[in-house]
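Chain A is already provided as a structure; the job is to place chain B on it using the hints.
In order, the protein sequences belong to chains A and B. Residue numbering for the first sequence is 413 to 888, as defined by the working numbering. Residue numbering for the second sequence is 912 to 1214, as defined by the working numbering.
None of these hints come from the bench; they were simulated from the model. Glycine included, each C-beta is placed from N, C-alpha and C at the ideal position. All the pointers check out, no bait thrown in.
Here are some, though not all, of the chain A residues that point toward chain B, as calculated from beta-carbon distances under 10 Å: (1) SER494; (2) GLU668; (3) LYS672; (4) GLU681; (5) LEU682.
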Amino acid sequence: MNAKRWLWSGLILALLIGACVPAATPTPTPSPVPPTPTTVAPAPSPTPAPAGPTPTAAPPTPTPAVPGAPAALKIGIVTFLSGPAASPFGVPARNAAEVLIENLNAGKAPAPYDQKGIGGVPIQAIYVDEAGGAEKQVAEFRRLVLEEKVDLVIGYISSADCLAVAPVAEELKTLTVLFDCGTNQIFEERDYRYVFRTHAHQVIENVGAARYILRMKPNLRSIAGINQNYAWGQDSWAAFRDSVRKLKPDVQVAGEHFPKLFAGEYSAELSALLAARPEVVHSSFWGGDLEAFVIQASPRGLFQQSLVVLTTGDTILPRLGRDMPKGVVIAARGPHGVLAPKTPLNDWFVKIYKDRYVVRPVYPSYHIAQAILGVKAAYEKAIAANGGKWPTGDQVIAAFEHLEFETPSGTIRMALGKGHQAVEPVVLGITGDFDPATGEVKLTDVMEFPAECVNPPDGMKTPDWIAQGFPGAKCP
Amino acid sequence: MERRGMEQLAIILIDGLVYASWLFLISAGLTLIYGVLRILNLAHGSLYAMGAYAAASAVLFYFDRGLWPPGSYVALLGAALIIGIVAGPLIERGLLRWIYGRDPVYQLLATYALFLILEDGMKLVWGVNPYYAYKPYGLLGTVQLAGIPYPGYSLLLIGVALLASGGLYLFLHRTRVGRLVVAIIHDPEISVALGANVPRLFLLTFTLGAILAALGGAFTAPMISVVPGLSVEVIVLAFAVVVIGGLGSLEGSAIGALLVGVVRSLMVHRIPELELFAIYLVMALVLLFRPQGLFAIEEVRRV
Chain A
413 MNAKRWLWSG
423 LILALLIGAC
433 VPAATPTPTP
443 SPVPPTPTTV
453 APAPSPTPAP
463 AGPTPTAAPP
473 TPTPAVPGAP
483 AALKIGIVTF
493 LSGPAASPFG
503 VPARNAAEVL
513 IENLNAGKAP
523 APYDQKGIGG
533 VPIQAIYVDE
543 AGGAEKQVAE
553 FRRLVLEEKV
563 DLVIGYISSA
573 DCLAVAPVAE
583 ELKTLTVLFD
593 CGTNQIFEER
603 DYRYVFRTHA
613 HQVIENVGAA
623 RYILRMKPNL
633 RSIAGINQNY
643 AWGQDSWAAF
653 RDSVRKLKPD
663 VQVAGEHFPK
673 LFAGEYSAEL
683 SALLAARPEV
693 VHSSFWGGDL
703 EAFVIQASPR
713 GLFQQSLVVL
723 TTGDTILPRL
733 GRDMPKGVVI
743 AARGPHGVLA
753 PKTPLNDWFV
763 KIYKDRYVVR
773 PVYPSYHIAQ
783 AILGVKAAYE
793 KAIAANGGKW
803 PTGDQVIAAF
813 EHLEFETPSG
823 TIRMALGKGH
833 QAVEPVVLGI
843 TGDFDPATGE
853 VKLTDVMEFP
863 AECVNPPDGM
873 KTPDWIAQGF
883 PGAKCP
Chain B
912 MERRGMEQLA
922 IILIDGLVYA
932 SWLFLISAGL
942 TLIYGVLRIL
952 NLAHGSLYAM
962 GAYAAASAVL
972 FYFDRGLWPP
982 GSYVALLGAA
992 LIIGIVAGPL
1002 IERGLLRWIY
1012 GRDPVYQLLA
1022 TYALFLILED
1032 GMKLVWGVNP
1042 YYAYKPYGLL
1052 GTVQLAGIPY
1062 PGYSLLLIGV
1072 ALLASGGLYL
1082 FLHRTRVGRL
1092 VVAIIHDPEI
1102 SVALGANVPR
1112 LFLLTFTLGA
1122 ILAALGGAFT
1132 APMISVVPGL
1142 SVEVIVLAFA
1152 VVVIGGLGSL
1162 EGSAIGALLV
1172 GVVRSLMVHR
1182 IPELELFAIY
1192 LVMALVLLFR
1202 PQGLFAIEEV
1212 RRV
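Isolated chain A, as found in the complex:
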């Protein structure tokens, strides 16, 4: 047998697997009940993940209160239902969408969202799996619009998918609300008419984290970062590092680590961080990588040695519970999750979510609620402006631009990107004791930085804003 031939065919196939597997990953199967709810991730939703798009909750009561209204408003909802981003982000978002839409359709939501469905028209959701990469998502988007004939699309957790779909949304003239992707590029690179984003981009938690640690350690001397080696990790670290050094130029960078996405093993990086002894360590890790990092860093004392900032830390609090180390700075990409404001709307949202899924909602759940409520607010404002008649697409867009609306995370303002990009404040806190009564980790030193402090002004690119020393920022 020819060993060389083996070698090459094997090598090629191994690379092929690496390249193809995400695309080949099929829709997930509903998991069996996990053995121990205390240590295993949250129980999955009782409804199985649909194999491909399945219309759910087709409402039986077509009572158009609004003249000219359709029998139902069809919304394509795209989120990760399989793959590594499903369980930390995609499924909590899908769960929130399901329970929220059900309650909206039943007219059970509190004011100002107490009208049934959207302006009396029930919402019909079609769920699509975001796994498979940007090209597949563009094809899925076209299919949703051209074949399923959805009225609008709410979707996308991956920045790559957002960047690929946004121009196609323009081309097909379909209202599209991006609900979770973090890249600041979308509205800073060009203007969109049909695309909206109802949450702030990644800059808020990184600029916020920089300001936070300088409040906690005014004499800060050194920082280090460990971030995943792709756009999200690199952009997050760059925004954090540059912000810290702009605010305090003598801060040294004691290490910049970029392990592979889904590496899962950080022994050597941790040794490097422990040996370099930076005062602050920044990480935008998410999902399984973040959990593995915390599991491995905790016994080695990294959290005692350095003040560690986890910008998506909120997502792992419900899972790690009492095993979450103390003294870690966590953020939730805005006032979400454990950092959400105490309002009746938030209490209601947490209650309907917990009643159904046992665990509490995390930030992707809040992000999709913002998108759905933003759409509802925009449509209902457009109906009012149109003399009580069902609005045209242009009228909805006009109503959506520069909209201000209430969400479980507080009032959202569509302030950037000519009224298409939301700004949000950012909240950070330090983990303390576990409270068995609430099942939550208590946070201390909670600090909020208002939207005007952590978002660039309209028309300015984020890197320029940081480089010029945050012109126009109003901070407490």
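Chain B only, in chain A's frame:
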């Protein structure tokens, strides 16, 4: 300054050794199976992932019963053995024995198909939500080495890898069955002519390889959150190590794992931007000078 330099070097070597132990565990089975069966098992990573899932389930079950915590290591080991002993013979008897001696492309496609099937099979059994079985990771506390704390678990991992390699060495060179396996590695035809029971030895070797893969997964499970997609990450790394060492050579795998481990650790500490590239750098350099890998098994003749 001198002392700091020495400490730095020690840290780099320890980190390299920890990573090398893990690499050896995931690649030893792959190279052993190739050496004897002449099949590159692309489903090797799936055996690793099944070992990780089974170990996570076993550990969670174990701690649920409130049993003596250090016993959880036995649960890890037991889970790996069960997966290897059940899945190994099933795969060998059910699939591989039909494709021995076929064109390598068929064999690769068949094991690739198996990989896809197992990937979905695992989702059926364990679902898509992550499993956390991290209790055994913290049990051993930390050890101060070269001025920084290392988890005792990393040392355990080195121990497991040393035991596995030592055990394999003794088995292959000191037992009758082991010597027969070595004979097949070097010359299958003569071995058969001399009366070696090849089907039985193939079964035995594949099961052994499967146990090694599952062992790697089982001892990784407490360090990570066990999620779908583990297999892919592993097969690419394992394959690279096996290629560096020479397909079919256990010694090669061990040396290859050490090389990659130390070079990667050096990159992490000195030039972190190149960390991702470390394994491919070693592979490229080795293949440049020894296209067959470091310890390629000698080919008696080409067919």
